[in-house]
Amino acid sequence: MGGSQSKKIKGTVVLMKKNVLDFNDFHASLLDRFHELLCKRVSLQLVSAVHGDSQANGLRGKVGKPAYLEDWITRITPLAAGESAFKVNFDFDEEIGVPGAFIIKNNHHSELYLKTLTLDDVPGQGRIHFVCNSWVYPAKHYKYDRTYLPSDTPMPLRYYREQELVNLRGDGKDEQLEEWERVYDYAYYNDLGDPDKDAKYARPVLGGSDDYPYPRRGRTSRPPTKLDPNSESRLPITSSLNIYVPRDERFGHVKMSDFLAYALKSIAQFIKPALQSIDSTPLEFDTFDDVLKLYEGGLDLPDSDLLNDIRKNIPLEMLKEIFRTDGEKLFEFPMPQVIKDNKTAWRTDEEFAREMLAGVNPVIICRLEEFPPASKLDQKLYGNQKSTITANHIESNLDGVTIDEAIKNNRLFILDHHDILMPYLRRINTTTTKTYASRTIIFLKDDGTLKPVVIELSLPHPDGDQFGATSKVYTPSENGVEGSIWHLAKAYVAVNDSGVHQLISHWLNTHAAIEPFVIATNRQLSVLHPIHKLLHPHFRDTMNINAFARQILINAGGVLELTVFPAKYAMEMSSVVYKNWVFTEQALPEDLKKRGIAVEDPNSPHGLRLLIEDYPYAIDGLEIWSAIKKWVEDYCSFYYTSDEMVQKDAELQNWWKELREEGHGDKKNEPWWPKMHMRKELIDSCTIIIWVASALHAAVNFGQYPYAGYLPNRPTLSRKFMPEEGTPDYAELESNPDKAFLRTITAQLQTMLGISLIEILSRHSTDEVYLGQRATPEWTLDHQPMQAFQDFGNTLAKIEERILGMNNDKNLKNRVGPVKMPYTLLFPTSEGGLTGKGIPNSVSI
1 MGGSQSKKIK
11 GTVVLMKKNV
21 LDFNDFHASL
31 LDRFHELLCK
41 RVSLQLVSAV
51 HGDSQANGLR
61 GKVGKPAYLE
71 DWITRITPLA
81 AGESAFKVNF
91 DFDEEIGVPG
101 AFIIKNNHHS
111 ELYLKTLTLD
121 DVPGQGRIHF
131 VCNSWVYPAK
141 HYKYDRTYLP
151 SDTPMPLRYY
161 REQELVNLRG
171 DGKDEQLEEW
181 ERVYDYAYYN
191 DLGDPDKDAK
201 YARPVLGGSD
211 DYPYPRRGRT
221 SRPPTKLDPN
231 SESRLPITSS
241 LNIYVPRDER
251 FGHVKMSDFL
261 AYALKSIAQF
271 IKPALQSIDS
281 TPLEFDTFDD
291 VLKLYEGGLD
301 LPDSDLLNDI
311 RKNIPLEMLK
321 EIFRTDGEKL
331 FEFPMPQVIK
341 DNKTAWRTDE
351 EFAREMLAGV
361 NPVIICRLEE
371 FPPASKLDQK
381 LYGNQKSTIT
391 ANHIESNLDG
401 VTIDEAIKNN
411 RLFILDHHDI
421 LMPYLRRINT
431 TTTKTYASRT
441 IIFLKDDGTL
451 KPVVIELSLP
461 HPDGDQFGAT
471 SKVYTPSENG
481 VEGSIWHLAK
491 AYVAVNDSGV
501 HQLISHWLNT
511 HAAIEPFVIA
521 TNRQLSVLHP
531 IHKLLHPHFR
541 DTMNINAFAR
551 QILINAGGVL
561 ELTVFPAKYA
571 MEMSSVVYKN
581 WVFTEQALPE
591 DLKKRGIAVE
601 DPNSPHGLRL
611 LIEDYPYAID
621 GLEIWSAIKK
631 WVEDYCSFYY
641 TSDEMVQKDA
651 ELQNWWKELR
661 EEGHGDKKNE
671 PWWPKMHMRK
681 ELIDSCTIII
691 WVASALHAAV
701 NFGQYPYAGY
711 LPNRPTLSRK
721 FMPEEGTPDY
731 AELESNPDKA
741 FLRTITAQLQ
751 TMLGISLIEI
761 LSRHSTDEVY
771 LGQRATPEWT
781 LDHQPMQAFQ
791 DFGNTLAKIE
801 ERILGMNNDK
811 NLKNRVGPVK
821 MPYTLLFPTS
831 EGGLTGKGIP
841 NSVSI
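The sequence shown begins at 1 in the numbering used here and counts up one residue at a time.
Computed cross-link-like contacts, BS3-like style, restricted to lysine-lysine with a CA-CA straight-line distance of at most 30 Å:
#1 K65 <-> K87
#2 K490 <-> K820
#3 K65 <-> K105
#4 K340 <-> K798
#5 K490 <-> K293
#6 K667 <-> K173
#7 K820 <-> K798
#8 K668 <-> K594
Simulated from the structure, these hints should not be mistaken for laboratory data.
Given only the sequences and the hints, what does the whole structure look like? Please build it.
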């Protein structure tokens with residue numbers, strides 16, 4: 001080789017073998033060792049970042065000789081999941097110069113998970129560390145260590161950079177994707193229905209139409225159903241773990257163990273046989289003490305054919321996780337935080353209103369700007385939907401203030417679930433659900449707390465939608481049948497808020513809205529690209545959890561339809577709400593201003609003055625938002641020193657174009673999309689993406705079990721209308737109000753199924769990576785971004801201290817409330833499990 005001298009470069013590869021993670025595969029390790037004897041091994045070749053290959057006209061980096069993993073046979077991985085380190089020695093040719101990438105080829109029978117490659121004592125460079133975190137099937141992969149804008153990429157690496165993106169995009173053919181593929185592509189939500197099973201399981205395709213717009217999901221390309229060519233066929237429930245996502249998007253082994261250990265609780269077939277052991281009326285709770293038995297007694301694990309089938313299809317290494325030995329019995333639910341200190345404080349008006357500011361759905365409350373409240377529904381279709389609430393209903397409860405004064409002084413607020421529900425209410429009430437569209441007006445008291453002053457419950461007019469609504473108005477009362485009626489009125493509001501929370505605040509605005517960003521980033525931004533490195537941690541596990549959701553949660557007849565009041569219309573309703581989705585309004589400051597909760601004020605923290613000063617979600621959220629924005633600004637400003645650099649970045653422009661035109665394709669013509677011509681637009685957009693994936697999702701997800709694990713506090717269904725005077729139901733309300741309440745809200749089976757689900761969703765995996773953390777410390781070689789990231793972590797630590805301080809401040813009554821439950825949902829860090837705190841980097845559960 002031109003007289004060049006060859007040197008040995010020592011390296012260390014960290015990986016996990018297939019048998020640590022795989023499903024029922026006893027043979028993986030044995031076959032790996034058989035292939036080892038045949039000299040088919042894992043090879044690595046270094047690729048030059050500075051010298052081109054003359055045989056490829058200098059357009060590809062010079063490739064070194066293959067080097068092979070050593071000690072594979074002697075390092076037998078135990079069944080307990082874990083990593084292994086292997087030596088590798090490269091014959092380093094000086095003509096290679098600086099390695100900027102490497103090619104790995106897996107000639108083993110089975111795939112492996114490549115964590116890192118570290119090179120020691122590279123001549124002129126010292127130590128070089130490659131962060132991979134990727135599955136390697138029996139095929140070539142390219143891995144890189146540096147961060148380059150496309151225009152700055154060394155010429156020898158450009159071919160490999162472009163080729164990797166081509167591989168990730170796939171060939172565009174609509175053919176079923178297999179487990180080992182790494183293809184990222186788009187599809188409509190056309191796999192929620194199952195018309196071949198029964199006509200009642202048919203569902204509209206969401207996405208690609210004016211009637212049902214929706215964000216795109218990851219393409220799977222299973223065959224169409226027999227009865228509807230536009231719907232994609234579904235996997236059997238026992239194969240749910242095998243639903244396709246690109247291999248690098250699948251849960252890691254620890255996450256999968258944690259997920260499976262609790263997922264068994266969420267399947268109704270497991271629960272039904274055990275219900276008989278609770279009491280003589282297994283479909284109902286008779287008293288609140290019956291409800292408490294769920295947390296104080298526990299249920300035995302029943303047996304069923306489905307359970308046995310599931311057992312046969314789960315990783316053998318994970319069975320110990322299913323039948324845990326840590327003292328947590330299956331079907332024995334932890335005590336929800338909302339009733340830990342006091343079993344009845346949840347029933348107070350103050351707690352009912354406080355949870356609009358510090359509960360699991362603190363993103364709906366708005367300032368009331370006109371009285372009585374108006375509707376934005378089309379009068380030609382829905383008639384007069386204006387509120388029937390009058391001054392007489394509420395002025396006696398405004399602490400001596402008139403309505404005009406209260407509105408002028410920003411003391412009236414509204415939780416408005418009227419317009420979102422009314423168009424679907426007639427259809428929803430043909431199912432087992434019996435509910436209302438609701439408006440709740442709240443008054444801001446002198447001590448900073450809120451109190452509900454009136455609830456309006458509305459139904460479609462019996463003669464037709466065009467005749468408007470028929471409404472009844474309820475005002476606070478504590479005693480007698482009037483107190484029981486007011487308690488039921490609050491329950492109907494909680495039912496509405498639970499459904500809107502789960503479908504809109506949680507699923508649509510975080511899970512579904514983020515997935516197109518995951519797909520576009522992998523298709524259009526090279527792993528060398530700085531924006532890919534910035535955003536990639538915030539996409540961890542999102543495609544996998546969303547795929548599981550389509551398979552068992554949001555599908556026709558799935559857990560969500562069984563436990564949330566819109567039933568079969570749930571996802572369709574979320575599509576209608578998506579019509580009003582605006583990307584720029586996902587920024588927390590814009591959201592608060594839109595809801596009338598904050599006004600711009602240069603003299604206030606973060607440039608916003610909150611009209612409810614003690615608003616825990618907004619106060620903590622603005623701190624987190626500002627920290628994220630500062631971090632993103634520091635990071636982006638290092639790589640982009642001008643607007644022109646943003647404009648000339650071809651990968652970045654293709655990424656943003658594809659996001660608008662494909663990922664959120666039903667919104668492609670909206671004028672509010674940032675043009676991505678300025679550095680500020682890049683910073684603002686990345687801040688929104690990170691905020692939604694991390695803090696917003698944490699705020700609306702990890703409080704689910706702490707607040708709603710006790711279903712009477714946040715029922716998800718109502719099965720009866722408000723009792724009318726002179727009826728047996730009214731008589732029961734007078735004689736046994738608790739029983740009447742429990743017979744109105746979620747039944748026993750749905751309660752157990754619902755709290756099983758939200759317990760899973762509220763848990764942190766033990767390998768979770770939180771905001772301000774990275775899975776690999778050496779994630780970049782650039783000093784300035786690394787320092788900015790450390791500063792970001794330090795800022796978050798200070799925010800944690802401030803949160804703890806505010807939670808101990810007796811003057812901030814909304815932070816703890818009557819239930820004695822400190823607000824910690826935006827506390828950045830947490831340990832694994834059910835903690836009610838912690839902001840994971842991504843929508844990971």
